[in-house]
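Visitor: Letter by letter, the chains look like this.
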Amino acid sequence: MKPAAFIYHDPKTSKEVIELLSKYEDAKILAGGQSLMPMLNMRFVVPDHVIDINGVKELDSVFDNGSSLEIGAMTRQSNLSKSQDVKTKTPIFLEALGNVGHFQTRNRGTIGGSLCHLDPAAEIPCLMAAYDAVMIAEGPNGLREIPFSEWPLTYMIPSLEPDELLIKVRVPYWNSHHGYSFVEFARRHGDFAIIAVAVLIEMDGKTISRASISVGGADIRPIRLFEAEEVLKGENLDVRVFKSAAEIARKVDAMSDAYVTSSYRQRLAATLVERALVQAAERVSRGEN
Amino acid sequence: MPDYRNINVVVNGVKHELDVETRTSLGDFLRQEIKLTGTHLGCEHGVCGACTVLLDGEAVRSCLMLAVQANGHEITTVEGLAEEDGSLHPLQEAFWKHHGLQCGFCTPGMLTSLAAYLGDNPEPNERDLREAISGNICRCTGYQSIVDAALDAAKKMRGE
Chain A
1 MKPAAFIYHD PKTSKEVIEL LSKYEDAKIL AGGQSLMPML NMRFVVPDHV
51 IDINGVKELD SVFDNGSSLE IGAMTRQSNL SKSQDVKTKT PIFLEALGNV
101 GHFQTRNRGT IGGSLCHLDP AAEIPCLMAA YDAVMIAEGP NGLREIPFSE
151 WPLTYMIPSL EPDELLIKVR VPYWNSHHGY SFVEFARRHG DFAIIAVAVL
201 IEMDGKTISR ASISVGGADI RPIRLFEAEE VLKGENLDVR VFKSAAEIAR
251 KVDAMSDAYV TSSYRQRLAA TLVERALVQA AERVSRGEN
Chain B
1001 MPDYRNINVV VNGVKHELDV ETRTSLGDFL RQEIKLTGTH LGCEHGVCGA
1051 CTVLLDGEAV RSCLMLAVQA NGHEITTVEG LAEEDGSLHP LQEAFWKHHG
1101 LQCGFCTPGM LTSLAAYLGD NPEPNERDLR EAISGNICRC TGYQSIVDAA
1151 LDAAKKMRGE
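Heads up: the protein sequence lines correspond to chains A and B, in order.
Anchor point for the first sequence: position 223 equals 223 in my numbering, and the numbering is continuous, going up by one each time.
Anchor point for the second sequence: position 75 equals 1075 in my numbering, and the numbering is continuous, going up by one each time.
If you're looking for bench data, these hints aren't it; they were derived computationally from the structure.
The calculated lysine to any residue pairs, modelled on SDA-like cross-linking and capped at a C-alpha distance of 25 Å, are:
no.: 1; chain 1: A; residue 1: Lys-2; chain 2: B; residue 2: Ile-1034
no.: 2; chain 1: A; residue 1: Lys-87; chain 2: B; residue 2: Asp-1120
no.: 3; chain 1: A; residue 1: Lys-23; chain 2: A; residue 2: Arg-144
no.: 4; chain 1: B; residue 1: Lys-1155; chain 2: B; residue 2: Pro-1122
no.: 5; chain 1: A; residue 1: Lys-2; chain 2: B; residue 2: Lys-1035
no.: 6; chain 1: A; residue 1: Lys-23; chain 2: B; residue 2: Pro-1002
no.: 7; chain 1: A; residue 1: Lys-2; chain 2: B; residue 2: Pro-1002
no.: 8; chain 1: A; residue 1: Lys-15; chain 2: B; residue 2: Arg-1005
no.: 9; chain 1: B; residue 1: Lys-1035; chain 2: B; residue 2: Asn-1071
no.: 10; chain 1: A; residue 1: Lys-15; chain 2: B; residue 2: Gly-1072
no.: 11; chain 1: A; residue 1: Lys-2; chain 2: B; residue 2: Asn-1008
no.: 12; chain 1: A; residue 1: Lys-243; chain 2: A; residue 2: Arg-267
no.: 13; chain 1: B; residue 1: Lys-1097; chain 2: B; residue 2: Ser-1145
no.: 14; chain 1: A; residue 1: Lys-57; chain 2: B; residue 2: Arg-1005
no.: 15; chain 1: A; residue 1: Lys-87; chain 2: B; residue 2: Asn-1125
no.: 16; chain 1: A; residue 1: Lys-28; chain 2: B; residue 2: Asp-1003
no.: 17; chain 1: B; residue 1: Lys-1015; chain 2: B; residue 2: Ala-1082
no.: 18; chain 1: A; residue 1: Lys-12; chain 2: B; residue 2: Gly-1072
no.: 19; chain 1: A; residue 1: Lys-87; chain 2: B; residue 2: Glu-1131
no.: 20; chain 1: A; residue 1: Lys-15; chain 2: A; residue 2: His-49
no.: 21; chain 1: A; residue 1: Lys-57; chain 2: B; residue 2: His-1073
no.: 22; chain 1: B; residue 1: Lys-1035; chain 2: B; residue 2: Asn-1006
no.: 23; chain 1: A; residue 1: Lys-15; chain 2: A; residue 2: Lys-28
no.: 24; chain 1: A; residue 1: Lys-2; chain 2: B; residue 2: Leu-1041
no.: 25; chain 1: A; residue 1: Lys-82; chain 2: B; residue 2: Asn-1125
no.: 26; chain 1: A; residue 1: Lys-12; chain 2: B; residue 2: Arg-1005
no.: 27; chain 1: A; residue 1: Lys-12; chain 2: A; residue 2: Tyr-24
no.: 28; chain 1: B; residue 1: Lys-1155; chain 2: B; residue 2: Glu-1058
no.: 29; chain 1: B; residue 1: Lys-1035; chain 2: A; residue 2: Met-42
no.: 30; chain 1: B; residue 1: Lys-1035; chain 2: B; residue 2: Leu-1101
no.: 31; chain 1: A; residue 1: Lys-82; chain 2: B; residue 2: Asn-1121
no.: 32; chain 1: A; residue 1: Lys-82; chain 2: B; residue 2: Glu-1074
no.: 33; chain 1: A; residue 1: Lys-2; chain 2: B; residue 2: Gly-1038
no.: 34; chain 1: A; residue 1: Lys-87; chain 2: A; residue 2: Phe-185
Computed footprint of chain B on chain A, listed as stretches where at least three residues anywhere in the stretch have a Cβ under 8 Å from a Cβ of chain B:
no.: 35; region: 5-13
no.: 36; region: 33-40
no.: 37; region: 101-113
no.: 38; region: 181-190
Backbone N, C-alpha and C define an ideal beta-carbon position, used for all residues, glycine too.
The following block holds chain A by itself, in its conformation from the complex:
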């Protein structure tokens, strides 16, 4: 018996979940369990109540609303990779999801779970930062929309009230010819990234009209490189431009830990930003998307 004793709840609707969250002070939401279960097993968290939302079917959906992809919080990572809308409209997701744990953990792990756990090096938050995705939470007073830039409050803490539940994420599409790339470096395939980079670019003829660069794993939350995005705008797909954008990545605020120094993370960020830009440029030129 690993986790400390708790009372288990298995509501069937998000309304019931919110009622339970309002009623109980010390409750944890159990989604795919790929982060919470290890923490329960090691007793890093010892909640009085566990609210299992695997039975809340309304949260498991992938919906194309025409201009954005709406992903229900309980959508399994493996199911999202099978979505035809993802393949055609947000192909960077496939590249990123291939790096999220292993196929066995993706069979359980969910989009909402990863976004609420908010590990600094997790791939899904890094993607949502690149897309300026909108997080949609439900509480006793109804729905609330939170732009991803305001979602991480601090290290592993999302902007959710104790009685709120993340119900879905809205990911606005880039145009149908956008370039994209998701690259990361980890010590073992499937581990959390030391650095992960997501890049999106849109073209106006031969010049870049819009770019998004998100770096995960460097700081306590994904970082958008707005300055580097500005450097790219109005430029051709030129390696020299990519190199100057990558130099900005070298200056990111980066954490240091027992294995990896901050200067190593900065160098890695620069290398991976350049690599991702080159790949995104190749894709956009080939009209692959």
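Mind docking chain B on chain A? Use the hints.
Guide: Relative to the frame of chain A, chain B by itself:
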């Protein structure tokens, strides 16, 4: 105060109905309640892959699921891979032939993971297989013999 639930699960084709404490992991449930000790619990936090079982045919970590969450589902453990007459699954045959195990601790997770993977990907190359088992840690073999066995089994399963 212990919190119990009554659950119904089918494990390797056999129906079980019993009360479980809700904090019991699926892995502990299989080993301690159903007495199927083929599923090995290694790290118990989702890293080593030894405890992998099939939940409605999909590979999952049994240490990262509560037994109560398996209510109404079908579980296949390593004991369920061979045929009822005892004839081995092609993966088991191939592991035997290629020495795909030494101490055997990771083997149940390797077999269940690969059984699910080959079901979805009948024609993998070596690189695909190495990625497929990247979440299963083996400290004996160096993986080479496991990959050889999986390639051979995939061939057999394709009828070649």
